[in-house]
Amino acid sequence: MQLQKRKGYISLAIAALTCPCHLPIYLAIFGGTALGVFLRDNILLLIFGLAAIFLLTLTRGLKLIKEDKEQEEGSDSL
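Going by my numbering, the sequence shown opens with residue 7, and the numbers climb by one from there.
It is worth saying that the hints were derived from the structure and are not from the lab. Beta carbons: idealized from backbone N, C-alpha and C, even for Gly. The reader is advised that the hints may include incorrect statements.
Quick list of in silico lysine to aspartate or glutamate cross-link-like pairs, DMTMM-like style, CA-CA up to 25 Å [to be verified]:
no., residue 1, residue 2
1, K13, E79
2, K11, E78
3, K11, E76
4, K13, D74
5, K13, E78
6, K11, E79
7, K69, E79
8, K13, E73
9, K11, E73
10, K13, E76
11, K11, D74
Here are the in silico distance ranges between beta carbons for each label pair [stated by the list, open to error]:
no., residue 1, residue 2, range
12, G55, A19, 16 to 24 Å
13, E73, I49, 33 to 41 Å
14, G37, G80, 47 to 55 Å
15, S81, L29, 39 to 47 Å
16, A19, E76, 19 to 27 Å
17, Q8, F44, 19 to 27 Å
18, S81, L33, 24 to 32 Å
19, E79, P30, 36 to 44 Å
20, E76, I53, 44 to 52 Å
21, Q77, N48, 37 to 45 Å
22, K69, T39, 32 to 40 Å
All chains should be modelled from the sequences, with the hints used to inform the complete structure.
Take a look at the structure:
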């Protein structure tokens, strides 16, 4: 079940990268580039899009890790 746990951690890493609170950091990093202009011009769309991706990947990652932990506990009792 290591694969399921690994997928959970990858999902949590994606959630950390797509957290909308990091948007000012991304704007500072990409400022002066074409990507920075795109981010600035579409800020509201990005906030909602990143929030949706963040919530989906966060819940998926936590669910996968929880299921893996429950399966490990179930197999230990056998």
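- Assess, step by step, whether the Cα of K11 is no farther than 25 Å from the Cα of E76, and give holds or violated. holds (11 Å)
- Query: When you check the alpha-carbon spacing of K13 and D74, does it fall within 25 Å?
  - Reply: Distance ~10 Å between K13 and D74 Cα, so the pair holds.
- Query: Quick one: are Q8 and F44 within 19 to 27 Å, going by C-beta?
  - Reply: At 38 Å between Cβs, range violated.
- Taken at face value, is the distance from the CA of E76 to the CA of K13 at most 25 Å? holds (16 Å)
- Message: K11 and E73 were given as a pair; does the straight-line alpha-carbon distance stay at or below 25 Å?
- Response: Measuring from Cα to Cα gives roughly 9 Å; hence the hint holds.
- Query: Using the C-beta atoms of Q77 and N48, is the stated range 37 to 45 Å upheld?
  - Reply: Check passed, 41 Å falls within 37 to 45 Å.
- Query: When you check the alpha-carbon spacing of K13 and E78, does it fall within 25 Å?
  - Reply: holds (16 Å)
- Query: Would the pair K11 and D74 pass a check requiring their Cα atoms to be no farther apart than 25 Å?
  - Reply: holds (6 Å)
- If you check the beta carbons of A19 and E76, does the distance land in 19 to 27 Å? 22 Å Cβ-Cβ, so the 19 to 27 Å window holds.
- Indicate whether the distance between the beta carbons of G37 and G80 respects the range 47 to 55 Å. holds (50 Å)
- Task: Would you mind confirming whether the straight-line C-alpha gap from K69 to E79 stays at or under 25 Å?
- Result: holds (15 Å)
- Message: If I claimed the Cβ atoms of G55 and A19 lie 16 to 24 Å apart, would that claim hold in this structure?
- Response: About 18 Å separates the Cβ atoms of G55 and A19, which means 16 to 24 Å holds.
Hints 17, 18 and 20 from the list above are not met by this structure, while the remaining hints are.
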